[in-house]
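Just so you know, the UniProt record's numbering puts the end of the sequence shown at 582, numbered straight through with nothing missing.
In short, the hints are calculated from the structure, not lab data.
Treat the hints with care, since some could be wrong.
What the hints assert, rightly or not - Lysine-lysine pairs mimicking DSSO-like chemistry, simulated, CA-CA at most 30 Å apart:
(1) K218 <-> K157
(2) K59 <-> K283
(3) K218 <-> K469
(4) K157 <-> K214
Said to hold, decoys possible - Across the chosen pairs, the derived CB separations fall in these ranges:
(5) S159 <-> S52: 50 to 58 Å
(6) H559 <-> R482: 17 to 25 Å
(7) A562 <-> R285: 53 to 61 Å
(8) D579 <-> D54: 35 to 43 Å
(9) V480 <-> R286: 56 to 64 Å
(10) L30 <-> D579: 20 to 28 Å
(11) R63 <-> G484: 51 to 59 Å
(12) D473 <-> H195: 26 to 34 Å
(13) P325 <-> E238: 20 to 28 Å
(14) A425 <-> R453: 36 to 44 Å
(15) E342 <-> K59: 36 to 44 Å
Backbone N, C-alpha and C define an ideal beta-carbon position, used for all residues, glycine too.
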Amino acid sequence: MRRTVDVIQEFHPGLKRALTPEIRSDEHDLIEETARAFVERDVLPRMEALESGDIGLLKALYRQAGELGLIGVDLPEAYGGLELDPLSSLLVSEALGETAGFGVSINIHSGVALHPILYFGDEAQRSSYLPRLAAGEVIAAYALTEPDAGSDALHGKTSARPDEGRGCYVLSGQKQWISNARVAGVYVVFAQLAHRGMTAFVVDRDRPGVSVGKEEHKVGIHASPTASLILDDVEVPESALLGAPGHGHRIALSVLNLARHKMALYALGQTRRAIRIAAAYAKERRQFGVTIASLGMIREKLGYMAARYFVARSAAYRTAGELAPGKKQALGLALRADLEPEMKVRGVASALSSCIAACSLNKVLATEVQAFAIDEAVQIHGGYGYMEDYEIARMYRDARITRIFEGTNEINRLAVVRDVLSSRAREASACSLSDPSSQAASPSLAAHLPAGRLRATLEGAEQVLRSMKTGFDAVVEAAVAREGERLVDHQPLVRRLADAHMWMYAFESALVRVALAADGRGPARDLGAELAAVAWADAVRLGFTPLLEAARHVGVELHDLAYPDEIGQLQAIAEYVLDRVR
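Just need the whole structure built from these sequences, with the hints factored in.
What follows is the structure in structure tokens.
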């Protein structure tokens with residue numbers, strides 16, 4: 001049994017909750033192997049049938065996933081789950097992400113559709129719905145978006161009016177682009193309750209007045225059913241109300257916070273599969289008398305794909321560790337029977353919203369790395385990558401949506417900066433990188449390493465990270481002084497600040513993972529210096545460059561940062577990837 005304690009606190013207490021995929025137990029290996037076997041054996045060979053709309057197969061796969069425990073990995077045992085640790089949940093989510101449209105469907109079911117009931121439902125609602133959802137016997141959907149309320153989803157027009165005489169609520173309206181709408185047996189619906197505001201309800205499919213529109217003709221994710229949900233004077237009992245009247249916005253926003261992090265894991269699964277497919281093809285395809293895997297530019301593409309996947313994955317796993325205390329606190333509050341509904345909703349929503357910036361930046365980073373990696377995989381395939389006979393063509397279509405749903409990447413960039421500014425105003429945030437005092441107290445990540453190339457690379461990278469943080473603080477201070485409360489409305493400036501913050505967080509996460517690699521295995525240990533060097537270069541290129549642009553705009557002078565030669569490192573990373581693809 002390998003040790004699973006969080007060893008990072010030994011030398012970097014400021015990041016004591018960081019998780020990495022390398023430090024795991026044999027049980028983690030088993031749950032990941034179970035998930036990947038389900039993906040490889042049962043789902044991916046049936047993608048054509050799923051994409052053609054085989055609802056029977058989709059439901060059968062849900063039941064199979066439920067029997068394996070893959071839906072309720074972190075759900076309490078009392079409600080049919082396995083109640084495993086956060087790392088197990090990460091490994092399963094990333095594996096299921098490889099299944100493209102099916103992954104979207106089950107991601108919605110086990111995330112934004114299930115979480116409102118888990119965290120905001122009462123005991124009767126949890127006991128009634130969660131065991132069936134965890135078993136895959138019933139599929140759930142999350143109904144928030146409306147034709148005139150996309151990014152501004154909290155201002156939808158679907159209405160709920162109380163009928164005290166009959167002890168019910170009457171729901172009317174239309175929800176648009178609802179994943180799982182055609183196959184769901186239960187919907188979490190958000191409606192404007194008269195004189196109270198947005199309120200959440202659990203609505204069963206068999207209620208009179210519930211109907212579903214035609215299947216949407218989407219560009220991609222065809223294996224994920226999508227349609228409108230129509231509510232025509234649907235009567236639901238008072239017991240269908242989730243949380244408290246008028247607090248639906250808190251439920252919607254807090255579960256979307258978790259969903260953004262979960263979307264990052266889905267995108268990482270897609271990225272990992274694209275790397276594997278591209279590397280396998282490159283080893284087989286011959287041009288000019290050699291395999292294209294031997295060509296320098298192809299190898300460089302593979303190197304960048306693998307390095308950026310490493311960085312984005314490091315950030316997502318770190319955030320899971322930061323989210324864990326809030327999720328634990330939220331569940332504890334949710335299970336208490338002595339709290340008034342309104343107080344409970346406020347407390348649970350606050351606990352689930354503890355890492356807004358981190359969840360938003362993970363969603364942006366992972367989906368943009370996904371887009372980059374899949375695009376490069378298509379390029380490696382050449383003309384064949386554009387042919388529907390090849391899996392990478394489907395992945396190319398499927399990838400485009402992830403930068404749009406769960407909040408567009410533009411909306412999420414705004415959320416990052418709003419949360420950073422709020423954190424600075426409070427002078428403390430567990431998820432902020434811009435607290436100078438906490439950073440100054442942290443010792444070097446490389447301090448525990450023996451002298452050598454890895455330690456030297458980490459020391460150089462950390463010095464650059466410190467410079468980035470100092471520059472970020474200076475630019476934000478100048479921007480706040482210049483713009484005041486209007487700063488959040490200066491979107492071009494906000495975008496640059498968001499990108500700088502995102503890459504600092506991801507860069508630091510990658511360095512932490514490399515520094516911990518001696519306790520694990522895999523690329524973080526085998527390619528620590530190479531991955532740290534490329535992460536360093538990307539952080540300067542993709543994070544510090546927009547910060548320089550923001551600095552010029554607000555009149556702050558920053559000096560360019562140097563980064564190491566990447567060419568050799570990228571070739572070494574590519575060699576490592578190619579060697580492991582069979």
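The hints, checked one at a time:
1. The suggested pairing of K218 with K157 holds, with an alpha-carbon distance near 24 Å, which does not exceed 30 Å.
2. Between K59 and K283 the alpha-carbon distance is near 37 Å, which puts this suggested pair outside the 30 Å criterion.
3. For the hint pairing K218 with K469, the CA-to-CA distance comes to about 42 Å; that exceeds 30 Å, so the pair is violated.
4. Proposed proximity of K157 and K214 is supported: the alpha carbons are some 21 Å apart, at most 30 Å.
5. At about 37 Å, the CB distance of S159 to S52 disagrees with the hint of 50 to 58 Å.
6. Hint check: H559 to R482, Cβ distance near 21 Å, so the stated range 17 to 25 Å holds.
7. As the Cβ distance of A562 to R285 is approximately 37 Å, the hint placing it in 53 to 61 Å is violated.
8. Against the hinted window of 35 to 43 Å, the Cβ-Cβ separation of D579 and D54 comes to about 38 Å, which satisfies the hint.
9. For the pair V480 and R286, the supplied restraint of 56 to 64 Å holds, since their beta-carbon distance comes to about 58 Å.
10. For the hinted restraint 20 to 28 Å between L30 and D579, the CB-CB distance of approximately 25 Å keeps it satisfied.
11. Hint check: R63 to G484, Cβ distance near 55 Å, so the stated range 51 to 59 Å holds.
12. The hinted range of 26 to 34 Å is not satisfied by D473 and H195, whose Cβ atoms lie roughly 45 Å apart.
13. Between P325 and E238 the CB atoms are about 34 Å apart, so this pair departs from the stated range of 20 to 28 Å.
14. A beta carbon spacing of about 42 Å between A425 and R453 agrees with the range 36 to 44 Å that was offered as a hint.
15. A beta carbon spacing of about 37 Å between E342 and K59 agrees with the range 36 to 44 Å that was offered as a hint.
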